[in-house]
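Letter by letter, the chains look like this.
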Amino acid sequence: MKYIVFISLFTISFSASFFIYLPSPQISAEAIDTQLDAHFNEQPDGLSQSASPILETPSQASEQTLNAAIELDELSLQELALLVDSPFFDNTPWLSAKAADALAKYDFLQLQDAYQRLLNSKIKGSDRLLNLIVKSMAAHSSIDTLDFLLSRPAERITSRHFSQVFNDASASNATEIAEWVLSKNYYADIEDNENKVAAVFEKVAEQSPSLARSYLPRAHIHLKQHILYGLMDSFDQYQQFEALVVYMSANEHKVLNQLVINSMASQYPAQTAQWLASRPDHNYAESVYKSIFIAQVEEDFTSAANWYFQNSPDSKQSIINTVLFRGHDGTNQDTLLTWAQNLPIEYSSYAIGDLLSWLVAKDIDFVLQHYNKVQDKGQRYRISTRAFNEIQREAPEFLDEFIAQSEFSKELLEKLAWREANGL
Amino acid sequence: MKKRIYISFVIAILVIGAGLGHVAASLYSTEKTTSYHDLASYNSQSRTSVLNGSPQTPVIKSTSTKAFNLQKVFGSNLAAKSESQKLILMYQSLSELPQQAVSSLIEEVDSLENVTPEDKALWLVMLISRMAEISPELSIELVNNLTSENLKARGLPLDKNFVMKTIFTIWAKHSPQQALQHLLTDTQYDADYLTLIFRHWAAKSFEQALRAAKALQEHTLESYYGMVEGSYQASHFQQLIPFIQAQQSDELSKKLFRQWTFFDALSAAQWLADNTKVDEAQELKEAMFSGLVREDFNYAIEWYFANTNDSFTRPAFAGSNFYMFIRPQQFAQVIDWLLLQDFSVFGHNSWVHKIEYDVARNTLKYDIDLVKRYAAQIQDNRRRNELNLSIYSALAKQDPTSAKAFIVELGLANNAEFLKIIEAIDFRLNTPCMGFCY
Numbered sequence: 001m002k003y004i005v006f007i008s009l010f011t012i013s014f015s016a017s018f019f020i021y022l023p024s025p026q027i028s029a030e031a032i033d034t035q036l037d038a039h040f041n042e043q044p045d046g047l048s049q050s051a052s053p054i055l056e057t058p059s060q061a062s063e064q065t066l067n068a069a070i071e072l073d074e075l076s077l078q079e080l081a082l083l084v085d086s087p088f089f090d091n092t093p094w095l096s097a098k099a100a101d102a103l104a105k106y107d108f109l110q111l112q113d114a115y116q117r118l119l120n121s122k123i124k125g126s127d128r129l130l131n132l133i134v135k136s137m138a139a140h141s142s143i144d145t146l147d148f149l150l151s152r153p154a155e156r157i158t159s160r161h162f163s164q165v166f167n168d169a170s171a172s173n174a175t176e177i178a179e180w181v182l183s184k185n186y187y188a189d190i191e192d193n194e195n196k197v198a199a200v201f202e203k204v205a206e207q208s209p210s211l212a213r214s215y216l217p218r219a220h221i222h223l224k225q226h227i228l229y230g231l232m233d234s235f236d237q238y239q240q241f242e243a244l245v246v247y248m249s250a251n252e253h254k255v256l257n258q259l260v261i262n263s264m265a266s267q268y269p270a271q272t273a274q275w276l277a278s279r280p281d282h283n284y285a286e287s288v289y290k291s292i293f294i295a296q297v298e299e300d301f302t303s304a305a306n307w308y309f310q311n312s313p314d315s316k317q318s319i320i321n322t323v324l325f326r327g328h329d330g331t332n333q334d335t336l337l338t339w340a341q342n343l344p345i346e347y348s349s350y351a352i353g354d355l356l357s358w359l360v361a362k363d364i365d366f367v368l369q370h371y372n373k374v375q376d377k378g379q380r381y382r383i384s385t386r387a388f389n390e391i392q393r394e395a396p397e398f399l400d401e402f403i404a405q406s407e408f409s410k411e412l413l414e415k416l417a418w419r420e421a422n423g424l
Numbered sequence: 001m002k003k004r005i006y007i008s009f010v011i012a013i014l015v016i017g018a019g020l021g022h023v024a025a026s027l028y029s030t031e032k033t034t035s036y037h038d039l040a041s042y043n044s045q046s047r048t049s050v051l052n053g054s055p056q057t058p059v060i061k062s063t064s065t066k067a068f069n070l071q072k073v074f075g076s077n078l079a080a081k082s083e084s085q086k087l088i089l090m091y092q093s094l095s096e097l098p099q100q101a102v103s104s105l106i107e108e109v110d111s112l113e114n115v116t117p118e119d120k121a122l123w124l125v126m127l128i129s130r131m132a133e134i135s136p137e138l139s140i141e142l143v144n145n146l147t148s149e150n151l152k153a154r155g156l157p158l159d160k161n162f163v164m165k166t167i168f169t170i171w172a173k174h175s176p177q178q179a180l181q182h183l184l185t186d187t188q189y190d191a192d193y194l195t196l197i198f199r200h201w202a203a204k205s206f207e208q209a210l211r212a213a214k215a216l217q218e219h220t221l222e223s224y225y226g227m228v229e230g231s232y233q234a235s236h237f238q239q240l241i242p243f244i245q246a247q248q249s250d251e252l253s254k255k256l257f258r259q260w261t262f263f264d265a266l267s268a269a270q271w272l273a274d275n276t277k278v279d280e281a282q283e284l285k286e287a288m289f290s291g292l293v294r295e296d297f298n299y300a301i302e303w304y305f306a307n308t309n310d311s312f313t314r315p316a317f318a319g320s321n322f323y324m325f326i327r328p329q330q331f332a333q334v335i336d337w338l339l340l341q342d343f344s345v346f347g348h349n350s351w352v353h354k355i356e357y358d359v360a361r362n363t364l365k366y367d368i369d370l371v372k373r374y375a376a377q378i379q380d381n382r383r384r385n386e387l388n389l390s391i392y393s394a395l396a397k398q399d400p401t402s403a404k405a406f407i408v409e410l411g412l413a414n415n416a417e418f419l420k421i422i423e424a425i426d427f428r429l430n431t432p433c434m435g436f437c438y
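Line by line, the protein sequences give chains A and B.
Read in our numbering, the first sequence has 214 at position 214, and its numbers run on one by one without any break.
Read in our numbering, the second sequence has 248 at position 248, and its numbers run on one by one without any break.
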């Protein structure tokens with residue numbers, strides 16, 4: 001009995017002591033799952049991707065600074081920079097993540113301060129760390145980060161960071177970033193960054209064409225084209241173009257209106273041709289007619305060229321140049337020749353000459369076969385010199401024969417002598 | 001008496017029980033936390049490391065895979081996150097896992113549902129990286145078992161060499177000596193790995209790395225490449241020079257001076273001035289000029305012409321884009337320097353003209369008045385008028401009225417030729433441009 005009492009007393013004192021001194025119990029698997037859910041769904045502050053400017057008051061900001069676990073001092077920056085330092089082409093995501101995780105503890109102002117200090121230092125690995133700092137700043141507020149980068153003298157590295165933050169922010173919140181661009185002074189803030197910011201309007205237009213269109217009245221004149229490009233990229237119906245043209249002609253600069261009409265012509269050539277025909281009293285720029293021709297030339301050369309020749313306000317010679325320049329590569333040469341021969345008599349010879357000039361490099365036999373159809377001596381001379389160059393380069397053994405038979409043999413011999421004298 | 005002995009005995013049992021209970025509790029707790037103590041930490045300094053500070057964000061510390069629902073973390077939650085958010089979340093999930101848990105998770109990557117192959121590959125890299133912190137040898141073994149065919153069959157867009165270099169980078173940053181030992185006893189790696197190790201070693205502990213590099217019998221060139229890449233102080237580069245020269249590699253020498261110039265252009269320039277004759281190392285001096293310009297414009301000019309035989313009017317660097325290295329903070333200093341130059345001795349579009357064109361026009365973004373004062377002192381009509389037009393354009397972008405006032409100020413309000421150009425500038429500013437507007 002005594003022994004039982006002793007054993008009981010020992011067990012009680014042992015157990016009591018064990019459980020008193022044991023650290024708090026391990027979290028159960030279920031509890032951890034719950035925490036994980038919270039961790040991944042609620043987005044802790046350090047990771048939230050908000051584009052809104054920081055609205056905290058100065059006192060809140062300084063409180064955060066004081067509360068930060070560790071100061072982001074020079075030693076810390078060196079430590080982090082060394083951690084992520086790697087050759088340009090090597091990237092170790094784990095180490096980047098480790099540094100980014102450490103940076104997530106700091107508030108925007110601390111990161112901004114660190115960025116400025118690091119930018120002027122030559123710490124090993126500073127390039128990669130600056131990238132991470134900028135990303136951490138953007139995680140607090142993309143807008144504040146963009147404003148901060150704009151406020152700095154334009155150096156290559158800040159310019160690169162601006163693009164990085166702008167692109168990331170545009171991908172996640174195009175509308176807010178587009179509004180930010182529109183709110184800035186174009187010449188002071190945007191002009192030098194135009195090639196970086198333009199794409200955001202395309203993103204907005206993809207999501208909401210009507211919203212993108214609503215930007216037009218308040219956008220700077222040099223930004224409107226980017227809005228229009230985005231808007232037009234989002235269109236999948238001819239009527240959308242027509243509606244935009246109506247709006248543009250009443251409200252916007254004629255250059256921009258022309259841009260829309262040209263795009264409409266490129267995408268909907270047949271409808272645009274009808275649209276033009278229904279407005280005989282309007283003088284539209286030649287480029288619209290050219291766009292319609294270019295959009296249709298591959299499908300049916302003769303029909304497209306005839307329409308263009310008959311309707312374009314441009315000079316006939318210029319039309320012929322355009323038709324043959326655009327058509328000579330992808331169209332059978334007999335078709336091209338037939339088209340040229342069928343033109344009104346006053347243009348036909350010029351068109352044949354122009355065509356043969358283009359075809360010298362492609363089919364010299366064809367050119368020589370039809371050479372005599374060219375009436376203008378100047379054109380014949382141009383064709384002959386081109387043929388001379390081509391034969392000298394590709395088949396010099398036939399050059400003497402070609403020169404002897406040419407009506408310009410004297411000029412070609414002089415050319416040859418000059419070239420030989422100059423070692424060409 | 002017997003009663004007293006009995007009570008003493010009971011107290012002794014209670015005390016012994018309590019003591020043993022305490023010891024047992026401590027042992028139990030230590031056993032559970034040993035795995036955390038084993039985890040590699042990069043910072044051995046006594047101060048609190050930025051990497052080890054207590055985070056604001058909750059970090060889940062789990063000791064087994066049971067406590068870590070992989071699919072939940074791998075799942076759609078991550079899909080919507082940006083790349084950097086994703087990496088941080090992955091890191092936070094894995095950074096404290098012990099070896100056994102990491103091993104198990106590596107096996108689970110393939111079975112994940114609703115995860116893109118790219119994310120699976122990233123998870124695998126992150127898990128292997130975590131393993132590299134705990135046991136680099138084991139992580140290497142894991143990667144050795146990955147073949148290109150195997151990765152392809154698993155649909156993982158991952159390069160084995162990339163993963164292996166990731167491991168060595170982590171290892172070299174933490175324990176370069178051990179990483180080197182491993183490398184030297186295994187023939188499967190190419191010499192690039194040696195460069196990698198010495199790069200990180202030199203950055204971490206230059207003297208130690210240099211001793212190791214000196215002790216190497218072969219592949220010394222690669223190790224010195226690493227030493228150069230990892231160096232960042234003038235004293236490092238100075239110490240390296242005799243060893244680099246012994247390698248007889250122009251490429252490596254150039255690399256050393258490029259690197260030195262990047263970190264400390266002034267000391268690099270001083271070394272070359274002290275250790276080469278005027279007609280020597282022309283290529284290095286020319287290459288160094290841009291870096292020096294960035295640090296101290298006046299010194300760069302003075303140094304270059306004092307240490308080369310180039311003529312002042314036609315130096316070898318004239319064809320390069322050296323002027324683009326001038327920083328906005330230096331513009332005022334450069335404009336002062338320009339005022340002292342006699343442009344008549346230079347040919348058209350000389351290097352000095354390039355500086356004037358670039359700096360004066362870029363200064364307009366920050367200080368129009370400075371450029372106005374500079375333009376007023378230019379004697380050459382053509383240069384002055386061209387600059388005045390740029391000033392007009394800059395002013396017109398801010399305030400058309402002050403731009404017009406500037407023309408009056410210049411006395412050119414009735415100059416037809418000038419006004420024609422002004423008209424063209426106004427047209428450009430007020431007409432939409434197609435493409436990008438410059």
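It cannot be assumed that every hint is accurate.
[Stated by the list, open to error] For lysine-lysine, the following BS3-like pairs were computed, each having C-alpha atoms within a straight-line distance of at most 27 Å:
no.	chain 1	residue 1	chain 2	residue 2
1	A	Lys184	B	Lys404
2	B	Lys397	A	Lys196
3	B	Lys397	B	Lys420
4	A	Lys254	B	Lys255
5	A	Lys373	A	Lys316
6	B	Lys120	B	Lys204
7	A	Lys254	A	Lys184
8	B	Lys254	A	Lys196
9	A	Lys362	A	Lys373
10	A	Lys203	B	Lys81
11	A	Lys415	A	Lys362
12	B	Lys81	A	Lys122
13	A	Lys196	B	Lys365
14	B	Lys420	A	Lys254
15	A	Lys184	B	Lys354
16	A	Lys316	A	Lys415
17	A	Lys122	B	Lys404
18	B	Lys420	A	Lys122
19	B	Lys255	A	Lys184
20	A	Lys203	A	Lys254
Derived by calculation from the structure, the hints in this document are not laboratory data.
Taking the hints in turn, this is what the structure says about them:
| no. | hint | in the structure |
| --- | --- | --- |
| 1 | Lys184(A) - Lys404(B) | 24 Å, holds |
| 2 | Lys397(B) - Lys196(A) | 20 Å, holds |
| 3 | Lys397(B) - Lys420(B) | 18 Å, holds |
| 4 | Lys254(A) - Lys255(B) | 55 Å, violated |
| 5 | Lys373(A) - Lys316(A) | 19 Å, holds |
| 6 | Lys120(B) - Lys204(B) | 32 Å, violated |
| 7 | Lys254(A) - Lys184(A) | 25 Å, holds |
| 8 | Lys254(B) - Lys196(A) | 34 Å, violated |
| 9 | Lys362(A) - Lys373(A) | 18 Å, holds |
| 10 | Lys203(A) - Lys81(B) | 18 Å, holds |
| 11 | Lys415(A) - Lys362(A) | 23 Å, holds |
| 12 | Lys81(B) - Lys122(A) | 32 Å, violated |
| 13 | Lys196(A) - Lys365(B) | 18 Å, holds |
| 14 | Lys420(B) - Lys254(A) | 23 Å, holds |
| 15 | Lys184(A) - Lys354(B) | 31 Å, violated |
| 16 | Lys316(A) - Lys415(A) | 33 Å, violated |
| 17 | Lys122(A) - Lys404(B) | 45 Å, violated |
| 18 | Lys420(B) - Lys122(A) | 49 Å, violated |
| 19 | Lys255(B) - Lys184(A) | 43 Å, violated |
| 20 | Lys203(A) - Lys254(A) | 25 Å, holds |
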